[in-house]
Amino acid sequence: MAAYLLRRLLQSALILLGVSFITFVLLYVLPADPVRQIAGRSATAQTVENIRHELGLDQPFVIQYLHYLWGMVQGDLGRSYLQKTEVAALIAARLPATLLLMLGAIACELVIGLTMGVFAALRRGTAFDHSLMMVSFVTVSAPQFVVGLLLLYVFAVQLGWFPIGGYGTFAHLVLPSLTLGILGSGWYSRMMRSSMLDVLRADFIRTARAKGLSRARIVLAHALPNAILPVIAMIGIDIGVFMGGIVVVESVFGWPGIGQLAWQAIQRVDIPIIMGVTLVSAMAIVLGNLLADLITPFIDPRIKLK
Amino acid sequence: MKTLLASTAVMLALAMPVAGQDYTPDPNARARGSIVITYKDDVATLDPAIGYDWQNWSMIKSLFDGLMDYVPGTTTLRPGLAESYDISEDGMTYTFHLRPGVKFHNGREMTAEDVKYSLDRVTNPATQSPGAGFFGSIKGYDAMADGSATELEGVKVIDPATVEITLSRPDATFLHVMALNFAHVVPKEEVEKWGADFGRHPVGTGSYKLGEWTVGQRLVFEKNADNWRKGVPYLDQITFEVGQEPIVALLRLQKGAVDIPGDGIPPAKFQEVMNDPEQAKDVVEGGQLQTGYITMNVTTPPFDQKEVRQAINMAINKDRIVQIINGRAVPANQPLPPSMPGYTKDYKGYPYDPEKARAMLAEAGLPDGFETELYVMNTDPNPRIAQAIQQDLAAIGVKASLQSLAQANVIEAGGNGSAPMIWSGGMAWIADFPDPSNFYGPILGCAGAEPGGWNWAKYCNEALDEKAAAADAMADPAKSDERLKLWSDIFMQVMDDAPWVPVFNEQRYTMKSTRMGGADDLYVDPVSIPVNYDYVYVTE
Numbered sequence: 001m002a003a004y005l006l007r008r009l010l011q012s013a014l015i016l017l018g019v020s021f022i023t024f025v026l027l028y029v030l031p032a033d034p035v036r037q038i039a040g041r042s043a044t045a046q047t048v049e050n051i052r053h054e055l056g057l058d059q060p061f062v063i064q065y066l067h068y069l070w071g072m073v074q075g076d077l078g079r080s081y082l083q084k085t086e087v088a089a090l091i092a093a094r095l096p097a098t099l100l101l102m103l104g105a106i107a108c109e110l111v112i113g114l115t116m117g118v119f120a121a122l123r124r125g126t127a128f129d130h131s132l133m134m135v136s137f138v139t140v141s142a143p144q145f146v147v148g149l150l151l152l153y154v155f156a157v158q159l160g161w162f163p164i165g166g167y168g169t170f171a172h173l174v175l176p177s178l179t180l181g182i183l184g185s186g187w188y189s190r191m192m193r194s195s196m197l198d199v200l201r202a203d204f205i206r207t208a209r210a211k212g213l214s215r216a217r218i219v220l221a222h223a224l225p226n227a228i229l230p231v232i233a234m235i236g237i238d239i240g241v242f243m244g245g246i247v248v249v250e251s252v253f254g255w256p257g258i259g260q261l262a263w264q265a266i267q268r269v270d271i272p273i274i275m276g277v278t279l280v281s282a283m284a285i286v287l288g289n290l291l292a293d294l295i296t297p298f299i300d301p302r303i304k305l306k
Numbered sequence: 307m308k309t310l311l312a313s314t315a316v317m318l319a320l321a322m323p324v325a326g327q328d329y330t331p332d333p334n335a336r337a338r339g340s341i342v343i344t345y346k347d348d349v350a351t352l353d354p355a356i357g358y359d360w361q362n363w364s365m366i367k368s369l370f371d372g373l374m375d376y377v378p379g380t381t382t383l384r385p386g387l388a389e390s391y392d393i394s395e396d397g398m399t400y401t402f403h404l405r406p407g408v409k410f411h412n413g414r415e416m417t418a419e420d421v422k423y424s425l426d427r428v429t430n431p432a433t434q435s436p437g438a439g440f441f442g443s444i445k446g447y448d449a450m451a452d453g454s455a456t457e458l459e460g461v462k463v464i465d466p467a468t469v470e471i472t473l474s475r476p477d478a479t480f481l482h483v484m485a486l487n488f489a490h491v492v493p494k495e496e497v498e499k500w501g502a503d504f505g506r507h508p509v510g511t512g513s514y515k516l517g518e519w520t521v522g523q524r525l526v527f528e529k530n531a532d533n534w535r536k537g538v539p540y541l542d543q544i545t546f547e548v549g550q551e552p553i554v555a556l557l558r559l560q561k562g563a564v565d566i567p568g569d570g571i572p573p574a575k576f577q578e579v580m581n582d583p584e585q586a587k588d589v590v591e592g593g594q595l596q597t598g599y600i601t602m603n604v605t606t607p608p609f610d611q612k613e614v615r616q617a618i619n620m621a622i623n624k625d626r627i628v629q630i631i632n633g634r635a636v637p638a639n640q641p642l643p644p645s646m647p648g649y650t651k652d653y654k655g656y657p658y659d660p661e662k663a664r665a666m667l668a669e670a671g672l673p674d675g676f677e678t679e680l681y682v683m684n685t686d687p688n689p690r691i692a693q694a695i696q697q698d699l700a701a702i703g704v705k706a707s708l709q710s711l712a713q714a715n716v717i718e719a720g721g722n723g724s725a726p727m728i729w730s731g732g733m734a735w736i737a738d739f740p741d742p743s744n745f746y747g748p749i750l751g752c753a754g755a756e757p758g759g760w761n762w763a764k765y766c767n768e769a770l771d772e773k774a775a776a777a778d779a780m781a782d783p784a785k786s787d788e789r790l791k792l793w794s795d796i797f798m799q800v801m802d803d804a805p806w807v808p809v810f811n812e813q814r815y816t817m818k819s820t821r822m823g824g825a826d827d828l829y830v831d832p833v834s835i836p837v838n839y840d841y842v843y844v845t846e
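Quick mapping for you: the protein sequence lines, in order, are chains X and U. Just so you know, we're using the numbering used here here: the first sequence kicks off at 1 and counts up by one. Just so you know, we're using the numbering used here here: the second sequence kicks off at 307 and counts up by one.
Derived from the structure by calculation, the hints contain no laboratory data. The beta carbon of each residue, even a glycine, is placed where N, CA and C say it ideally should be. Mixed in with the good hints, there may be bad ones.
Chain U side only, calculated, beta carbon under 10 Å to chain X, not exhaustive [what the hints assert, rightly or not]:
#1 337
#2 395
#3 557
#4 671
#5 675
#6 689
#7 708
#8 710
#9 722
#10 802
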C-alpha cells in the first residue's frame, strides 16, 4: 500500500511537471505579447522594453522556464503581471469558494443523477425510462448561462427564496450548486443506469432474488454498492473539472471562484495566473483520481491496489 | 535663490483658481448614505502608477489626487493638490504651489517631497508603470527610462509647499499629464511598507479611503472625513461588488439591490430598458472621448495606395453599423470625437458612395477588387460589425476574410504589422486626457508605427509629426486657439491620407437607481469613467 501510494505520488509529480512544461510552452508561443498587455496602449517602445526586462521576459525560454520551476518547487507561483499580487494569494483567496461550490455541485449531481439512473434502470424500456433519459440528455446539453439565469430569475428574483447572487451563507450556495447539479446529473444518471443494468443481470442478483430477498433490499444492499464503482471514478474527474473553475456559473451568481480568476487572466495574457490555475486544477485532477482509486477497494474487495 | 527670484519676475502668473473654472456644488446634495456598484471583472490594482483600465481609473481618482484635476463632469482643468501654479515665459518651467494642510489617509501631511517621490517612482522602470512615457517632456526623463538615474533631474523641491518642474521641451499637454492618475501623489512610507502590494493597500489624499478589500468579492470605499476638498464626498460609503454578470446586475438594480451597474446595460437588454419609460428615465446618455475605426496597413499593398484607402472610406455604410449596436453611437467622419477640442465641425468626411469607391479602385488599377483580411476581436458585437464591413467591402469587389481572435492576439497582429485591416472595436481609442495630442502620437504618429506600437495602420507622415511637435510646443495658453487650429489641420491631412476609416463615436449609457442624485454630467463624466464618485449622492 505504501509503495503503491509512493509510486502514484511520484507519478503525480511527473504529471504536474509535464503540465507545467506544456502550458509554459503554449503560453510562450502564443501570438500575444504579455508585455503589451501590461504596458497598455500609450506606452512608448522604451517603456515596453523596460517592463519586458523587469519581468525577465527578455531572457531565453529555457531560463524563463527553469526560473519558474525553481520558484514552483519552493511553492512560489510568482506575481501576477497586471495585479502585481502573489498568484498563490490570489488562488488561495478563491479556493474556499471553489471547494464549497464543488462540494455543493457534486452533492446535487449525485442526488439528482443517481436517483434518476437507478429508477430508469429499474423501469428499463418503459416510457418512464425513456423520458428520464431524455431529460438527462437535455440537461447535459443545456447551456450553463441559460439554466443559471432561469433558476436565478425564478427562485431569487421572482420568488425571493434565495439571494440574487453573492457568496457567504448556505442560501447563496443553493442555486449555483443546483445549476451545476442539474447540468451534470445527466452524465451520472446515464452512467448509473447502464451500470445498474449490468449489475441487475449478474448471477448474484439472481441468487439474491431466488433466496426471496425483498426488492428494496436487493437494490439497496446488493445492486447499488456494486453499480456505484464507475460513479466514483467519475467524481474523481469532476473534482478536477470543478477545480479548474466554472466560469459561467460563477459569473451568473457572482461566485468568487477560481474560474473567474482564470478567465480574466486568459483575456489579458497574465501568464503567472494562468500557470498557477492550470497547475492547481491539474493537481486536483491527479489527486481526485488518486482518491477515487484509493476508495474503490473499500467498496469492492475484488479490486486490489498494486 | 537669486536666479529663481529673477525668473519669478518674468513668470506668467496665472492666478488660480479662476472664477467660473471651478465647480458649483449641488444645493440639493446631502452628505449621507451608501451605494452599491457592480462589476464583472475583479479590480486589478489601485496603485495609481499601474492601474490603467477604465474600471480602476475613476476608483483611483477617488483615492488619490494629482497636482491638477478636472472640473467634475467636464474636460476643464482645475487645480488639485496644487493651489496655484506659474508657468515661465518660455513655457519650460512649471512652479506648483501646494495646498496647505492636505493629509494622506494615514494622517501625515503631504509635501513637495511626496510630489517628487511620486514622479520619480512612476518614471522608474522598476515600477513597471504603463504610463511612464507620458512624462517624456520632463527634463531627465530619458536618464530615468534607460536606468542611468533614479531621480528626475527636472523635478525640484523648492520648499515643502513648492515644487518646480523643468521640461526638456515645451509641452502644451503638460498640465493634463499632471492630472493623469499616473501623476497622482503617493506617500513614500506606505509604498515602501507594502512594496508590490501597495496596489492592494492604497493610501492617498483622495475623497475616499479603502475600507475593505475581499479579493474576488467586494471593495468598500469609506468617506475620507478629513478630505481637503471641503464638503465632498457626499456618500459615506461605496461598495463595489465584483464578479457579477451585467445582466444579473440589472436584475438586482430592478430589485433595488444595486445602484449603478458598472458595466452598463447589457446589449441584449438595451432595447427593453430604453423602451420602458420607467427604466429609461434612470439612464443617462453622454458622449465620450472615443472613436471606433478601421485601420488599413499603409505598408501592405494595395493599401499603400492612397486612392485605395480613400475608396474603402467611401465603401463603409456607417449608419448601418450604428444600427447594429442599437444606435449606441454616432457615425464618425474624422479621428477626433466631437467633444474633443480641435474637432473640425464643418468637415463632412467621405460620403458613403459605393459607386464612386468602385470607380476609384478601377482607377487605382484594381477594377476587380482584391482579397484581404480583416482582424476583429471575438466578443460581441465586434464580429457582427466586422460582418457588416465585410459585406460593404464585397459590394465594391473587395473580398475580406475575417480573422476573429482574442483581444491580445489582435493587438499583437496590429503591432507587428501582419494585419492588413483591423476593426478596432473593443480596443478602440479612448483618450487618456482631453487633448487632441493624445489622439495622434500613439495611434497615428511615427512613434506608434514602430513594431509593437498601437499605430496599426503603420502610418508615418514625418511632415505631420513635425507639425504635431510644433503644436505641442505651443504651451502659451494665449495661443490655445491657434494650437487647436493646427491640430485640426493635422487631422484633416490624416483624413486625406486616409489610413483609417473612422466609423463611429460610441455613446455612453449609465444606468442608476432612482434614488441616485446629482447632475447627469457626473454620470457620464468624460474623465471619471463610469461615474464621478466624489460628487454623486443619494436622495433618500
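Hint check:
Given hint, residue 337 of chain U at the interface with chain X, is violated; its Cβ is 28 Å from that chain's nearest Cβ, farther than 10 Å. The beta carbon of residue 395 of chain U comes no nearer than 29 Å to any beta carbon in chain X, farther than 10 Å, and the hint placing it at the interface is violated. The interface hint given for residue 557 of chain U is met, as the beta carbon of that residue sits about 5 Å from the closest beta carbon of chain X, less than 10 Å. About 33 Å separates the beta-carbon of residue 671 of chain U from the nearest beta-carbon of chain X, more than 10 Å, and the hint is not met.
Taking 10 Å as the C-beta contact cut-off toward chain X, the hint placing residue 675 of chain U at the interface is violated, the least distance being around 28 Å. Hint status for residue 689 of chain U relative to chain X: violated, with the closest Cβ pair at about 16 Å, above 10 Å. About 17 Å separates the beta-carbon of residue 708 of chain U from the nearest beta-carbon of chain X, more than 10 Å, and the hint is not met. Given hint, residue 710 of chain U at the interface with chain X, is violated; its Cβ is 14 Å from that chain's nearest Cβ, farther than 10 Å.
For residue 722 of chain U, the interface hint holds, since its Cβ comes within 10 Å of a Cβ in chain X; the closest pair sits about 9 Å apart. A hinted interface residue such as residue 802 of chain U counts as satisfied when its beta carbon comes closer than 10 Å to some beta carbon of chain X; here the least separation is about 25 Å, so the hint is violated.
The earlier numbered hints that this structure contradicts are 1, 2, 4, 5, 6, 7, 8, 10.
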